[in-house]
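J.: Using the sequences provided together with the hints, build the complete structure.
Take a look at the letters that make up each chain.
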Amino acid sequence: MSNLPSPLPFGKKLIDSKYRSADFLGALAIFSWGLLLVKYAVTGQYQLLIHPNYFYLMLVTGIILILLGLLKTYQLSKRKLSVSSEEQHLTIFPPGVGSSLLLITAIAGLLISPNVLTSKTALQRGVTETLPSTRSQPQEFVNRTRPEDRTLIDWVRTLNAYPEPDAYSGQKAQLEGFVIRLPELPANYLLLSRFILNCCAVDAYPVFIPVELPPDVPAYPADTWLKVSGKMTTQNLVIDVVQDRNIIRNSSRDNSLEARAKRRLVLKAEQTQKIPTPRNPYRYQ
Amino acid sequence: MSQLHNVFTLFLSLLVEAMPFLLFGVVLSSSLLLLVDEQKLITVLPKNPFLGALVGSCIGFLFPVCECGNIPVARRLLTKGVAPGVAIAFLLAAPTINPVVIWSTWVAFRGQPEIVILRVVFSLIIAVSVGCLFGWGANIVELLQPRLAKRFLFRQSNQVDSLSLTTPVGDISKLMQSGTYLLGESGQSLFPSPLTSEQTLASQAPKAIKWQQFLQNVAQELQELGGMLVIGSAIAATIQVFVPREIVFGLGQSPITSILAMMLLAAIVSICSTVDAFFALSFVSTFSSGSLLAFLVFGPTIDIKALGLMLSIFRPKVIIYLFIIIAQLTFAMTFVYNYFFAGF
Numbered sequence: 001m002s003n004l005p006s007p008l009p010f011g012k013k014l015i016d017s018k019y020r021s022a023d024f025l026g027a028l029a030i031f032s033w034g035l036l037l038v039k040y041a042v043t044g045q046y047q048l049l050i051h052p053n054y055f056y057l058m059l060v061t062g063i064i065l066i067l068l069g070l071l072k073t074y075q076l077s078k079r080k081l082s083v084s085s086e087e088q089h090l091t092i093f094p095p096g097v098g099s100s101l102l103l104i105t106a107i108a109g110l111l112i113s114p115n116v117l118t119s120k121t122a123l124q125r126g127v128t129e130t131l132p133s134t135r136s137q138p139q140e141f142v143n144r145t146r147p148e149d150r151t152l153i154d155w156v157r158t159l160n161a162y163p164e165p166d167a168y169s170g171q172k173a174q175l176e177g178f179v180i181r182l183p184e185l186p187a188n189y190l191l192l193s194r195f196i197l198n199c200c201a202v203d204a205y206p207v208f209i210p211v212e213l214p215p216d217v218p219a220y221p222a223d224t225w226l227k228v229s230g231k232m233t234t235q236n237l238v239i240d241v242v243q244d245r246n247i248i249r250n251s252s253r254d255n256s257l258e259a260r261a262k263r264r265l266v267l268k269a270e271q272t273q274k275i276p277t278p279r280n281p282y283r284y285q
Numbered sequence: 001m002s003q004l005h006n007v008f009t010l011f012l013s014l015l016v017e018a019m020p021f022l023l024f025g026v027v028l029s030s031s032l033l034l035l036v037d038e039q040k041l042i043t044v045l046p047k048n049p050f051l052g053a054l055v056g057s058c059i060g061f062l063f064p065v066c067e068c069g070n071i072p073v074a075r076r077l078l079t080k081g082v083a084p085g086v087a088i089a090f091l092l093a094a095p096t097i098n099p100v101v102i103w104s105t106w107v108a109f110r111g112q113p114e115i116v117i118l119r120v121v122f123s124l125i126i127a128v129s130v131g132c133l134f135g136w137g138a139n140i141v142e143l144l145q146p147r148l149a150k151r152f153l154f155r156q157s158n159q160v161d162s163l164s165l166t167t168p169v170g171d172i173s174k175l176m177q178s179g180t181y182l183l184g185e186s187g188q189s190l191f192p193s194p195l196t197s198e199q200t201l202a203s204q205a206p207k208a209i210k211w212q213q214f215l216q217n218v219a220q221e222l223q224e225l226g227g228m229l230v231i232g233s234a235i236a237a238t239i240q241v242f243v244p245r246e247i248v249f250g251l252g253q254s255p256i257t258s259i260l261a262m263m264l265l266a267a268i269v270s271i272c273s274t275v276d277a278f279f280a281l282s283f284v285s286t287f288s289s290g291s292l293l294a295f296l297v298f299g300p301t302i303d304i305k306a307l308g309l310m311l312s313i314f315r316p317k318v319i320i321y322l323f324i325i326i327a328q329l330t331f332a333m334t335f336v337y338n339y340f341f342a343g344f
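Chain order of the listed sequences is A and B.
Residues 1 to 285 in our numbering are what the first sequence spells out, letter by letter.
Residues 1 to 344 in our numbering are what the second sequence spells out, letter by letter.
Misleading hints may appear alongside valid ones.
[Stated by the list, open to error] Here are the computed lysine-lysine pairs in the DSS-like style, where the Cα-Cα straight-line distance is at most 27 Å:
no., chain 1, residue 1, chain 2, residue 2
1, A, K274, A, K120
2, A, K231, A, K172
3, A, K231, A, K274
4, B, K207, A, K78
5, A, K262, A, K172
6, B, K317, A, K78
[To be verified] Cβ-to-Cβ under 8 Å is the rule here; a few derived chain B residues that face chain A:
no., residue
7, N6
8, Q212
9, V218
10, L222
11, G227
12, I231
13, V269
No lab work stands behind these hints, which were simulated from the structure alone.
Just so you know, even glycine gets a beta-carbon here, dropped at the ideal spot from N, CA and C.
T.: Below, the structure written as structure tokens:
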């Protein structure tokens, strides 16, 4: 009888080996998350996910996670039993579930690249012509920038600072962005749009400038990236998708086209050119 | 298919954004485990529930973490035997009342300093009142998520003996005799703080073991809370893609529904509090300042992403209570602000 192993150490051993494999899985999960973050940093794909301000934060986190994963694996391989297996009982998942979730996410992230937000997302989020920015900024920039050097975002910012469209009529402009098509616009009109990120893709919001195409130009499908040059004009346009459309609709009972139309700055295109989707399609606040 | 890809992209963007803050919080929480002498900490913390809650709210100033980072810290504080009122006040206040968040809110709302100030004030009021509420009435074991509670009890029963050896009873009896909040019948020493075995390790064990334990804890919490973060972010991203924001905006027209809409948005979007001010900024033109405040006050305390993390501390019932109380307080305060001060 005395040479039989007592039940307690035997059970403990089983539990320990179960936790041990979960520990290895955890180390692997942490390591692969580090790898994923470093991959985003190296390939530049982070630009599709977060504001570049957080680049170093992400890179350092990635490196720490890789080191942590390696260190943890080293520790596990040297040790026979876990130091404090008691700590493990804290988990709200059964052992290994949390790390499996992390591992699966990291592998999916390593395999599938993030996509560029499209016009569909823009319409879902509600495009806007206004930009929230600190009030002092726009003025400086109006003085500094020649009209033809302004980007789409610069234009929206400038408009934001001084919203009278007539003030810009006749100015030259060259803009790049993707196409949003709206059913309420005539066929030769489109919205040229870009997303702006404050912190990450979750809060990306689209801004736009309406464009009137020359009559001979083919209708570009939604999400085509275009470089458009021409002159700014003022026109009355109905654009329902802007964020404040509820306000417009409710303030007047008259739902006719005339009532919904608003005087807007429109780029009358002289030249349009398809361009490839930029590597870095977003602009940052 | 492209919609699914969008969900995946947003999901990753939430995770990539939150991961550094989560790591920071976990490292902080693990170093708390090793560095902070919880006996001292508990002695220093005021026993009065109101003062305790007030102090708990301000601990956030020492730990600049957002809501994904402060939950591991709050959990650690609870298991170290800090009163639930203090820990809950910390949990609710820390994501807002810390230098990084105040700074980022200031950067975003430089034009409207009242938003920055009221964000801090309202969050403080909420954290202190909820902290008091739990400080006076609650039995901690009933609040905690069952496994955590079990561990809490397990540690406590294990440590009575070892403690009586190391600490003269006379020293602890005055400060540490139970109030109404912890387990105890009156007069029983509360001192058996739940992590004393670790604490003993921390003070006596050789450096190598301390270091190993630190590493073990970081990895452990990272896996567990990371797993919860994955689930929360997946839900948040799915809702974002499949529920059009227009529906939320449609609500945003009256002083009442605009506040409710922004609170809903805060819960759905689940951005870290360190960066949410910039997000709120994009609604300045469409929404009242009161509703922006509601977003900034409510978002850091309750959101879908953090819900998973909170489930690792509390029972679901407690989270529902917390949710209802915080939502009502946020609504009441921002509503008053909307009507009387912002001239909506």
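J.: Checking against the hints above, which ones are violated?
T.: 6
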